[in-house]
Amino acid sequence: MSWNDKRIETWVGAMLQTGVLLAATIVLAGGILYLTQNRGPRADYGHFHGEPQQLTTLSGVMHGVEHFDARCIIMLGLLVLMATPVARVGMCVVGFLFERDKLYVLVSSVVLVILLYSLFFHK
Amino acid sequence: MNELWFAIILCLSSMGAGLLGALSGLGGGVVIVPLLTIAFHVDIHYAIGASLVSVIATSSGAAAAYVREGFSNIRVGMFLEIATTLGALVGAWLTTKVPTEAIGVVFGMVLLYSAYASVTSRHEEITEKPDPLALRLRLTGDLPTGDGEQHYVAQRVPAGFGLMGLAGALSGLLGIGSGAVKVIAMDQAMRLPFKVSTTTSNFMIGVTAAASAGLYWRSGYMAPSLVLPVMLGVLGGSMIGSRLLVKAHVRTLKLVFALVIVALGVEMIVHSLTGK
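Which chain is which? The protein sequence lines are A and B, in order. Residues 3 to 125, numbered by the working numbering, are exactly what the first sequence covers, in order. Residues 22 to 297, numbered by the working numbering, are exactly what the second sequence covers, in order.
You can take every hint at face value.
Going by beta-carbon spacing under 8 Å, a handful of chain A positions derived as facing chain B:
#	residue
1	I10
2	L18
3	G21
4	G48
5	H49
6	F50
Quick list of simulated restraints, FRET-style, between CB atoms:
#	chain 1	residue 1	chain 2	residue 2	range
7	B	V291	A	V96	46 to 56 Å
8	B	V291	A	G48	15 to 25 Å
9	B	L156	A	S61	46 to 56 Å
Covered stretches of chain B (in silico footprint by chain A; criterion: 3 or more residues with CB under 8 Å from a CB of chain A, positions within the stretch not fixed):
#	stretch
10	63-76
11	226-233
Keep in mind that the hints were calculated from the coordinates and are not lab data. Glycine included, each C-beta is placed from N, C-alpha and C at the ideal position.
Let's have the full structure, built from the sequences with the hints guiding it.
Put into structure tokens, the structure is as follows:
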């Protein structure tokens, strides 16, 4: 089978579904752990106060996961989910490379750079 | 209300939102923010963070089904994602600068517009001369129809690109998929076949939402314990919804959902203006 757009899309569609299932499983596991640990009155979401730094950096989240911190495990699941569209664009870059479509290798690389900038470099 | 009951009620409500969103084709995201702010008194920033995550989940979750149909156009989607992701960065940046009341009013107006757009009929396809820019960018495709494949070429590329920037900004500012604006850009401005517009839009929604989700995460707008029930609920609801879709009476559903959205839109505007 030669490389064409349809093949890229099928490949990407399967990856996205797997990613979402994986993310949902991690979030659910973290959620069960969270609800067994926190039976008290619910947290206050009526006023914005920002989440602690442990939850807003990749190293903070990973550190928490190592210590079975429920909120960090949920956050890891959310990060896996946020990574699925990024992986999708990355796979398109590779797919267009196989198709030898230089213009669209460039177009999808631009989108990939914007996404990575938003996730890791912007503050 | 303790943490467990709050999670259960929120999960069930989100499931309802996801179900309605899938059945009406507007997506669950558009009702999550009003639901959280009006019914659960959650701060709008946390609500937007939770909504963005559910938007990514439904978009990525439905992708495989859309690919099977064979209508989406990967090149059109990728090219326009340059506009939506840049727009999303601007929108997410604006959220931190604009007062909460203003976000509420803009949100209400977008809700009213989405309701209007979902019930009015779409344009008739008009064939114009192929746009040279579209040809150079290879924004073309073949739509599988009953009698063979129908070839199409995108029209008015700059107008579509500009509208996509706006769609991205709204997505970043309000935490919605802004599927309604994306479909307008492709269907109305670029004159792409309707099925191509809706399925390509679904693909783009996840990438657009991811561009602003990163900023929301880093700014501390994502509360794991709040996002947990919302994301699982919306995902479950939209999966049930897409299975029911074949049997449902779409026209009536759209009308009912449009009325719900109008009510939420008015409520958002009044709520923001009176400051209650």
